[in-house]
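Now for the letters of each chain:
Number of protein chains: 2
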Amino acid sequence: MAIKYPNGKSYFHNAEKQGKKQTKKKDFSFSKRGMTLEEELNESNDSYLAFERAVIHKKPTPIQIVSVDYPKRSAAVIKEAYFRQASTTDYNGVYRGFYLDFEAKETKNKLSFPLKNFHQHQITHMQQCLKQGAICFVVLRFSTTDQIFLLEAAFLIDYWENQMKEGRKSIPISELEKNGYKLYYGLSPRIPYLDVVDHLIDKARSEKQNQ
Amino acid sequence: MAIKYPNGKSYFHNAEKQGKKQTKKKDFSFSKRGMTLEEELNESNDSYLAFERAVIHKKPTPIQIVSVDYPKRSAAVIKEAYFRQASTTDYNGVYRGFYLDFEAKETKNKLSFPLKNFHQHQITHMQQCLKQGAICFVVLRFSTTDQIFLLEAAFLIDYWENQMKEGRKSIPISELEKNGYKLYYGLSPRIPYLDVVDHLIDKARSEKQNQ
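Same order as they appear, the protein sequences are chains X and G. Heads up: the first sequence at position 129 corresponds to 118 in our numbering, and the numbers run straight through without jumps. Heads up: the second sequence at position 202 corresponds to 191 in our numbering, and the numbers run straight through without jumps.
One chain only, chain X, in its complex shape (with noise of 0.2 Å):
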């Protein structure tokens, strides 16, 4: 879908600020062709979808209404509306039997992932989808270097609580490289997953036999 919605920093960089710089880029980066995160894995999910391997969604981005005219004969228009912050993380859904919850982040640094990319109140969910036996994980892109990682929920959880003791704003690339797993480009999907997914699940099995 052509539909965009302002997703905080990089729909401006994209859009607006640095529209020119963005073409350039373009020609040294085969695999991202320009998209965003978040179009890679709405495409990504399209195709799982297609496959019938998995039904995960990007949930809407909520939005508080004030105003809306109800025009004859036509659609109604909404007149006034703010962003609201959404309450869960971006996306949901389901596979092989599975509740899959996760969010998605980039970044412009090159050696670390700034834990300001999150807030507490999606931790806090995280941690509730977690009670609940759900899989639950961020994926991460240094979208200068092109590089994506699945990091699972819990070292995320990790991350944040130790950055109010010790002040640690970020996670190390050398973190992401030894607790994560890297994802590399495909073709449909685009950012195949769902392969880490079948390894966490896979691992969560074995870790419950040998209990």
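These are computed hints drawn from the structure, not numbers from a lab.
Which copy is meant is left open, so a pair is good if it fits within one copy or across any two.
Pairs of lysine-lysine, DSS-like flavour, derived with a Cα cap of 30 Å:
1) 97 <-> 61
2) 48 <-> 99
3) 47 <-> 105
4) 68 <-> 47
5) 105 <-> 61
6) 94 <-> 61
7) 47 <-> 120
8) 94 <-> 167
9) 158 <-> 61
10) 154 <-> 99
11) 171 <-> 120
12) 47 <-> 94
13) 48 <-> 105
Since the structure is predicted, the reported quantities are computational estimates derived from the model, not experimental observations.
Assemble chain G onto chain X, guided by the hints.
Quick look at chain G alone, frame taken from chain X:
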């Protein structure tokens, strides 16, 4: 939360057209206190979340944004937007490790539930979810008589497909009494639908063992 989305007929019904009649009705209904089914389910989900029993949220209404103002030093204002049709059902989440997915609908009818309350894309979404092992159902309320039923998606899909062949455009209440589960109002949660889900999980397990 006090924010109300226009969610089809019931919104206008409550807020504008029949404001006074609604107040009158309240005196005779001890159960619902003039709440819409959506409000009752949201309250039930809040209760389930607070008691750490499940994480289930209503998805935001999808909006197509056409124009946004960015005033200096204040929040972005959406100046023109339209309601879009959702591609999924309204509610999903995780409970006991299972993926739950459902839609909630009300009718003023007394004896049967009109199938026109559903759309093909919702039926398709439910079919896709069932293939992935989701627990999928609809919550149907007869608002005049204050009766609520939970009906498994498999039955709804049957009725939906039969209407093309036999022309029956609604589900008689007798069929809901036979194939569905009647839900009774509680205090917290107001609509204790997870008790039926527990039963569905047990049923699925024993069916699996007997295979």
